[in-house]
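J.: Add chain L to chain P, keeping to what the hints say.
There are 2 protein chains.
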Amino acid sequence: MAKKDDFSAALKPAAPDGATILANERARSSIPVEDFSRYLLTPQYLDKQDRILKVLENDPLFKKTNQANLARPDRYKLALARGKRIRQLKEKLGWSEEDYHMAAALCDDVLPYHLHTAMFITTVCQQGSEGQKAYWMPKLESWEVIGAYAQTELGHGSNVRGLELEARWDPKTKEFVLHSPHLTASKWWNGSMGRTANHVIAVAQLLLPVSGPGPETKYKNYGPHPFIVQIRDMKTQQPPKSILVGDIGPKYGYDSMDNGYLLFNQHRVPHGAMLAGYSRVNPDTGEYIKPKNPEVVYGTMTHVRARLVMEARLALARAVTVAVRYLSIRRQFKDQDAPSNTALETNVLDYPTVQFRILPLLATTFALHYSGKAMGELYERTRKDIEKSGDFATLAELHSTSSGLKSLCTDISANGIETCRRAMGGHGFGGGSGLVQLNNNYLSKPTVEGDNYMITQQVARYLIKKVRELAQTVKSRATTRTEENLKRFLYSKDKTLNLNVLKNNEDIVQAFEWRSAYLSFKAYEKREIQKKPWNSLLIDFYRLSRAHSQSILVQNFHAALETSHDLPSPQTREVLWDLFRLFALSTMETEAREFYSCGAVSNEELDAVTADVFELMQRIRPHAVRLVDSWAIPDFLLNSALGRYDGKVYEELFEMAHRQNPLNEVTFNPDYRTDELVLGSGDGGHILSKL
Amino acid sequence: MAKKDDFSAALKPAAPDGATILANERARSSIPVEDFSRYLLTPQYLDKQDRILKVLENDPLFKKTNQANLARPDRYKLALARGKRIRQLKEKLGWSEEDYHMAAALCDDVLPYHLHTAMFITTVCQQGSEGQKAYWMPKLESWEVIGAYAQTELGHGSNVRGLELEARWDPKTKEFVLHSPHLTASKWWNGSMGRTANHVIAVAQLLLPVSGPGPETKYKNYGPHPFIVQIRDMKTQQPPKSILVGDIGPKYGYDSMDNGYLLFNQHRVPHGAMLAGYSRVNPDTGEYIKPKNPEVVYGTMTHVRARLVMEARLALARAVTVAVRYLSIRRQFKDQDAPSNTALETNVLDYPTVQFRILPLLATTFALHYSGKAMGELYERTRKDIEKSGDFATLAELHSTSSGLKSLCTDISANGIETCRRAMGGHGFGGGSGLVQLNNNYLSKPTVEGDNYMITQQVARYLIKKVRELAQTVKSRATTRTEENLKRFLYSKDKTLNLNVLKNNEDIVQAFEWRSAYLSFKAYEKREIQKKPWNSLLIDFYRLSRAHSQSILVQNFHAALETSHDLPSPQTREVLWDLFRLFALSTMETEAREFYSCGAVSNEELDAVTADVFELMQRIRPHAVRLVDSWAIPDFLLNSALGRYDGKVYEELFEMAHRQNPLNEVTFNPDYRTDELVLGSGDGGHILSKL
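Residue numbers (the working numbering), protein chains in the order written: chain P, 43 to 733; chain L, 43 to 733.
One chain only, chain P, in its complex shape:
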């Protein structure tokens, strides 16, 4: 951009400026930010972040200044170049896999190679036979082969059994014939497939002949199976005639990603294309050989969901960091009850209407953190049990918990980001918020990896099963916290507890668990005793899953504070307990009727919760800036004028508008009498000229 030397250079924001205000805010609290960051994120994580950050900050390719102005094809190309550069840096600087992921996270683009690293390699590794792995893995790891994961179709997303793509075994040639019988069989949404990948894992219905060859051949469907298929020429990147593949076009977010479509027309692949680590087809007899251990695959999906809780916490922490810093700086309206000589307008974060939107979300970042950690530990324990002793006992619990938390936590964060954005008023709508791309991308999360409504059925199914076991066994063994809780509820004589949630943190946890148990028994009764249709209960199941997952968040938060002996200061511990109570009680307030109906908390006690929530917000308010500082999110990642660590909000907003905005560089004639349409000559022009 043109350097501009004009009178704006001498102007400063009206006093007090953002830097002064944030310094004052930081002086109000003695939370030891660096120690607390290390406690939350580990020193290893922070060192890695610092190290990778320095590399990216010095490479102009990762400058985020103008990416929001690009035409979609250029936006994709920029991300492709960034993906290449990160991979090159990995080799050059000897980065680990974790370093690579840190670089991708800081770059903050959904990289066009993402599905190659995140799904393609993992799938071949986990579902390929030993021979397949030996053949493919070196090519995959060297990125000679770039792959995508082609499961979802135009007509089918969540319901994998409904996929239409067929893989028909031809015993004569010993090939599979991939064929899309309808338009709706087109693979759709598959990331990295639109332009980048040269191979895919195509998930297709495996059809084996049950009668002799010929036009009347009958086939038996063995359900969806994965096939590794080359879709483009390694040199020209063009597909063969029997394949149509491309990018599906612009979306709500994910501008940088080439989500694709893919159709097969009687496309033949060799016997070895079917990933044969579990089930396989005998190439000589055409016989289907069953998988030995289908539950391991199931464990992988669960891993993705478990990780989503930690991602949700970071996404929300970004938005809350921006909101807390900016709203501390922003002032608007003088307090009408203040003396008329009051000089300053009220700090926006001091308005209750702003606090009650932002501070519970600040508390939520910590709630998500502790449950994310607990999920990681549960996943590791389960994995070890399975691998070491073939013990699948905790897998069902892990699967249920991760499904429920995925649904709840991605909803909390998606809605929370938007709540932060709206609380910031006008500037929250501007590109300087740094939340535009975050929001647009994050809004995919409530849908992907299991729709947030649909997957709550898995939680309900699990809890109903647990109640059934309890109801049918005289002396059932309670091994998990969930089982213990259901048992406690069942054997409790008094079903009205009237817990003292205002005075007692244990009572808060008990209230959440009681509600979860109450709704579990109610769901069991409706489904198994009254025999109501499953689909008629989906709202009950959704509410049950929500209640159960909230109780897990509350319980993990509580347990972590009870057992954490490594907190950096007594004040930090005190503030964390306030955050625990704020999270739990503000959640309870929004769900008050259920807490009353289930007998956990009286109406009088619930009426008093609001005042307690406001008192907690008053107590937490002075620590707000230091608390968000503790998440240690670098300015480079925030990419936000409003959320800058140094508080130079207005200076940066003006800089972005006045010196970094390409729209101010182009020429055109605004006179309505002229009919010209001054086109860009690149992709923009390319698009416009096709009008």
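The hints are simulated quantities; they were obtained by calculation from the structure and are not laboratory data. Honestly, I wouldn't trust all of these hints.
Note that identical chains are pooled: a pair holds if it fits in a single copy or bridges any two copies.
With a straight-line cut-off of 20 Å between C-alpha atoms, the simulated SDA-like cross-links for lysine to any residue are [what the hints assert, rightly or not]:
| id | residue 1 | residue 2 |
| --- | --- | --- |
| 1 | K568 | D654 |
| 2 | K545 | R661 |
| 3 | K96 | H143 |
| 4 | K487 | N457 |
| 5 | K537 | E646 |
| 6 | K564 | E646 |
| 7 | K568 | D379 |
| 8 | K132 | L103 |
| 9 | K545 | F656 |
| 10 | K415 | R523 |
T.: For chain L alone, kept in the frame of chain P given last:
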């Protein structure tokens, strides 16, 4: 785009296709769609829509196919060209003002000329003196002068009194000196100002000298006043040296609009620049002459807010149209309780988890409609009362009602659009939803024209005043429905009503009004008896405004159905009553605790509401497609593959991806070993090359 002749041409979606399904859906109901549309929208509106639509559909400039792919500068230029074309068409075809607005609405771009037509001309017309109007109006109406409205600043939005731009009167030269003392005084966000306008209305603090000239001159601040200022040369479009102006850069939405910034450095304008229809400065004495009738200006702001209810209804109707049509077509998962030979998967709109998100929103479109109509009538009545007899009696009620409804209805629609989007799963995240731009643009509404939290104070202030009047007067005159309601509450002996909301529609209305009155008295007590600080009550005020506005929506809906004698069929009336009950009871369900606490409805009755809501959804379900058809939103405006009238969802999604996507036309090398960044050569390249 390249014509593609390949095997996809022969493919159809799996049966039943969308066209068949929508035909079946439409056959399930006998609502007379065309008659109902005319009843809702008037024949005049529908004729106008048809007439303008034909013109735009035949002009390639208005083709929306590729606009989402453009670089921001090209997106702006496209909208500028469209704005010019619409203005040219107006002249050529002799369009009325209403025709022009219909064209702009169907084009669906926020046009760069929008502030000229929407605010600039109106302001000069309403606030200019006769002489100023005679001078400026011909230039404005011929678009010789293109203007913007420059009020909001970098540091101040809602609080107009806090604006920093100064207009200092220089008695020697008889000029005003416009000056921005700080960076935060920069005008900011002002639409059409970034590149398009050559003039602005700049709102500045009027400073008149109170002591003699010289460096020690003291000034008195008369508050914000409007000045008409040329900011760019009429030929070169360049600003003078004492002005910095430009576009603020990309935002959450409004890509096509050049929201701007503007700084003045001791910029001099003549005495005549200050709009002098109300207050003015005597050029000879420097004396300030007060406005005669400040409330008329106040009425104009109210008009904008009143219109937002009708806009909210149309925005929501668009999203609901798309959702109802697509979710009728989409099928996913077989019913697990169905016999195993069931061929078809369940229609997504038949899942309760989808119905309870979408059908109450469908009901809400009608609730918004009747209150939008009522607001229009109240506005007209108030305007006539003021103009004809100087009677300002209903202005305060209009102002309060429009503020509360603005806050509630824009929240309902902004959240409702996103709810529709998420309910549509994966394809809801795609560009084919037609909701991306709608959502991005509409999300500004909760902030503009008064922040949705902040303006609820105006409702509370009004209701507290009404309670005070009632409390202080023995025999108060109740003229408005609000006053009657408060009076009824005050004089009611029994404060626990236990209304029968399941059986009786009047009881529903009464429950909403009772809750509103209860919260009004509670707010009055806290503020005026207990003398609590105003700011500490902001959450109470927000909840009061919400409750009051919900009661207005319910009451207007009920009154309209009671008095409508022109409904096209008995079945339509029946379905509308169901929609009324669904809107009211689903709202009641989400706010159940307040209905219980205020004594309006018992807990037992509230527990039974859920079952009633589900029954109502079952009754409304067969009419859903015809009901959205009745909003008569043309495909051209929907711009949605998912929401097409003909149901060809999958065909259109594939067409968009395979034949209309510029990313599939560009070339590049995905190999990570290459370091190339293949740039577009237009604005995209321009931006990238500056990295």
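J.: Could you tell me which of the numbered hints above are not met by this structure, giving the numbers in increasing order?
T.: Checked against the structure, no hint fails, so every one of them is satisfied.
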